[in-house]
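J.: Take these sequences, add in the hints, and give me the full structure.
Protein chains: 2
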Amino acid sequence: MFQNTMPRYEILSGDAIETLDRGWKRIVSEIGIRYLLPEAIELLRDAGQDVTDDVVKLDPEFVLEQVAKAPATFDWRGRNPDRTVQIGGDSMVFASVYGAPFVREGDVRRDAKLADFHNFVKLSHSFAELDSAGGVVCEPEDAPLDSRHLDMIYAHLTLSDKPFMGSVISATRAEDTLLMCDIVFGGREEVRRAPCTVSLVNCNSPLCWDDRMLESMLHYARENQAVIITPFLLMGAMSPVAIPATLAQQIAEAFAGIVLTQLVRPGAPVIFGSFLSNNDMQSGSPAFGTPESAIGLLATGQIARHYGLPFRTGGGLCTSPVCDAQAAYESLMTLMPTFLTGTNFVLHAAGWLEGALVAGYEKFIVDLELLRMLRETFTPLEINEETMAFADHEEVGQGPGANFFASPYTLDHFRDCFYRPLLSTTENFSRFSRHGKDATARATDIWHAQLEAYEPPPLEDGMRQELDEFVARRRTELGD
Amino acid sequence: MFQNTMPRYEILSGDAIETLDRGWKRIVSEIGIRYLLPEAIELLRDAGQDVTDDVVKLDPEFVLEQVAKAPATFDWRGRNPDRTVQIGGDSMVFASVYGAPFVREGDVRRDAKLADFHNFVKLSHSFAELDSAGGVVCEPEDAPLDSRHLDMIYAHLTLSDKPFMGSVISATRAEDTLLMCDIVFGGREEVRRAPCTVSLVNCNSPLCWDDRMLESMLHYARENQAVIITPFLLMGAMSPVAIPATLAQQIAEAFAGIVLTQLVRPGAPVIFGSFLSNNDMQSGSPAFGTPESAIGLLATGQIARHYGLPFRTGGGLCTSPVCDAQAAYESLMTLMPTFLTGTNFVLHAAGWLEGALVAGYEKFIVDLELLRMLRETFTPLEINEETMAFADHEEVGQGPGANFFASPYTLDHFRDCFYRPLLSTTENFSRFSRHGKDATARATDIWHAQLEAYEPPPLEDGMRQELDEFVARRRTELGD
Chain A
24 MFQNTMPRYE ILSGDAIETL DRGWKRIVSE IGIRYLLPEA IELLRDAGQD VTDDVVKLDP
84 EFVLEQVAKA PATFDWRGRN PDRTVQIGGD SMVFASVYGA PFVREGDVRR DAKLADFHNF
144 VKLSHSFAEL DSAGGVVCEP EDAPLDSRHL DMIYAHLTLS DKPFMGSVIS ATRAEDTLLM
204 CDIVFGGREE VRRAPCTVSL VNCNSPLCWD DRMLESMLHY ARENQAVIIT PFLLMGAMSP
264 VAIPATLAQQ IAEAFAGIVL TQLVRPGAPV IFGSFLSNND MQSGSPAFGT PESAIGLLAT
324 GQIARHYGLP FRTGGGLCTS PVCDAQAAYE SLMTLMPTFL TGTNFVLHAA GWLEGALVAG
384 YEKFIVDLEL LRMLRETFTP LEINEETMAF ADHEEVGQGP GANFFASPYT LDHFRDCFYR
444 PLLSTTENFS RFSRHGKDAT ARATDIWHAQ LEAYEPPPLE DGMRQELDEF VARRRTELGD
Chain B
24 MFQNTMPRYE ILSGDAIETL DRGWKRIVSE IGIRYLLPEA IELLRDAGQD VTDDVVKLDP
84 EFVLEQVAKA PATFDWRGRN PDRTVQIGGD SMVFASVYGA PFVREGDVRR DAKLADFHNF
144 VKLSHSFAEL DSAGGVVCEP EDAPLDSRHL DMIYAHLTLS DKPFMGSVIS ATRAEDTLLM
204 CDIVFGGREE VRRAPCTVSL VNCNSPLCWD DRMLESMLHY ARENQAVIIT PFLLMGAMSP
264 VAIPATLAQQ IAEAFAGIVL TQLVRPGAPV IFGSFLSNND MQSGSPAFGT PESAIGLLAT
324 GQIARHYGLP FRTGGGLCTS PVCDAQAAYE SLMTLMPTFL TGTNFVLHAA GWLEGALVAG
384 YEKFIVDLEL LRMLRETFTP LEINEETMAF ADHEEVGQGP GANFFASPYT LDHFRDCFYR
444 PLLSTTENFS RFSRHGKDAT ARATDIWHAQ LEAYEPPPLE DGMRQELDEF VARRRTELGD
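If you read the protein sequences in the order shown, they are chains A and B.
If you use our numbering, the first sequence closes out at 503, no skipped numbers anywhere.
If you use our numbering, the second sequence closes out at 503, no skipped numbers anywhere.
Calculated from the structure, these hints are not laboratory results.
Any given hint might turn out to be false.
Claimed, not checked - Facing chain B, from chain A, some residues (calculated, C-beta under 7 Å): (1) 230; (2) 308; (3) 442; (4) 445.
We put the CB at the ideal spot given by N, CA and C, even for glycine.
T.: Next comes the structure, spelled out in structure tokens:
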């Protein structure tokens, strides 16, 4: 897994952090948070918080006490232990796009099918740059609605052995997730020992946590499974059109969720989530890969570190509906700050297109190239006698015409001295013109070839049979 | 002009800088620099340096003494004083692509013509994000070779009133540049008062300065005109395949040029230049927008600051021959570090395609969008009571369904709260599908419209006539 030991790019002064700190405290204590799950209200009332109907005004010191109980780092386990990754610290974990109802391959945009879901899990499994295929990579509209979560988890557990994300639609679906984990990880005690799932819960921003998200969150927390507690903030819609106000709201909402996890299980693993961008105030549409999202992302990393929490931000986010220049620059506008701030959990790291309405096959490959380049860029440079390669200078001397094509250091290192692209071409124009394929067209070739080369990871026959039986039984119970 | 007051992203430790410092000193003192201009050799011999034929071994302390004479900041004057920009400090100056023999518009790649040169100067003049149209934006192959520099300078001085870059092909062409400046700036004394030109001189790397570049450089320096002293380093060809070795070589070569400028005019304005990328060791072709170039760029900024010199790095560099996703991500892979390190002079800021073989019209627009986004991103966030917008939270309260579309802060700021794109679309899929134009296709529309809207800046009739007469006379003298 990737460790980012480069410096963090920090843009907030100490004063700024103090102002933001006062900001979220005022929001939680003076305005309060709405919780649409009675159990959550009871937990907070029992903890001495000020409850009026379904709105709770939280004491900031109480909030900080609870937040301090969350671990700074924890493991996210794959069913193959070699795939287990650390969340927090210098670790950066990368997972695929999440939740897209459509897919795009080449010029075709269409409803996502279960076959697409399988494809993206296979692709995510195949590329070392991704630590996880994620969760709801795309919404397989041809899978029966009430038992679709079973199909998705089954795909994650059989087509990959990397860690995966659990269902958050309800507590029973969260429990289905864990029952399937029981099968492959060796029973509930073992599942509880350390997180087998990281699951994504979104705030119903502004300042509202809904019942289904909360019940999933509480169930996972009780079972020592990790949750990413994510305010969903498109500035101008769910938050003010000011980044500072939005950052304060983001802390308020995330902390308002984290508090509950720590009440039901002190020390439950959580990730400070961020999904922060802005509306285009002219079109009213959400915009991704914007300067505002880059700034928010850098600030969020610094805030999460300030409170000692692992955090999620970023990904290959873009607004563009097609895999073009705009999609590429918007995604890198998000991914570069993601690395600059050392994001611990990078959801939507590959395949996001059209504001996440679309999981794009070609975009998936473009994003992988970006991840590969950034991993190389954010690897510390070793500056020492060897890399000064003085003998090369002695041998080559001065131009004109002198070159380093066959100097000693070159001969020793030419194979691995530079980044080798997955997608980018360095062909000269004459060679390029023979095929004339731009990056998106070449990406099509790459994902096709990668799917053809896919090999499923081993899975014990007994486990597979248990999973099959479980899915069949639960599907019947769920009426699908 | 743009002031980058954000933090610098620094990747070199103090130890690393010391190692690099020892590295360049060893190169200049033990291996030495070849100078192909006898005058340069004489200057260095007179200054007590160790000369053997055309190779000079330089005393590092002498080099540092000379480098220390170069100013940390200076002005680059436009013929319109309002266009004058500062070089150095927090200032970032942006100029167009330089030196492309071909142009690309849409799917057509062809030889560059004088009409293209004019177009790019007009476009550069029109967009506020560019401080200069640069110099040899493209090589106008239909302009007579020996007097082509006159056509180019004439275009810069008549189609724009922004600062421009002088000819460096020889001392006489440098003088032609200044004679034309005399006309529009008010005579040689006035030209000498502060730089009217910044000119690009490249090292014939490794460790060689050729005669034509040197004579141009010395002429400009004597006349108090600025030069960008730029090692030309494609690792694996002109430097070792190690970034640290290349950084040491870069310092050695740049300093070896800067020394001469300070010998002929102590305090002559110079820019520490960097053009550092790598060869693809499989294809042998140069590669731009790579992780190596990003790392080199960040390190170069830190090195130049260490020695107190204004510096040039970066731009919208890419390898891709077409204006596709690769071109976009490669360019941002270069431009984002350019901002992170606060580059003072950004050549190739717009229009670079195919390793600078091509000036791309559409790419020009893509790069402008990148520059606009980055300028916004690298503007400090104001975090204060006002931007905490607490009254908005009080008014909107909690979801579900609550929003900030018409909250007080939104109503006050919706017009200018977020970045407004030049090129990017936020159209939803249905709207987008009505035209189906990707970013590159939309860029075509934008540059066409901008050229149509172009209005030339005012120029006194008398000056224009003098310029016309000068060009006509010199063209005859040059035999074209």
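J.: Run through the hints listed earlier and report the numbers of any the structure violates, in increasing order.
T.: Hint 4 alone not satisfied by this model.
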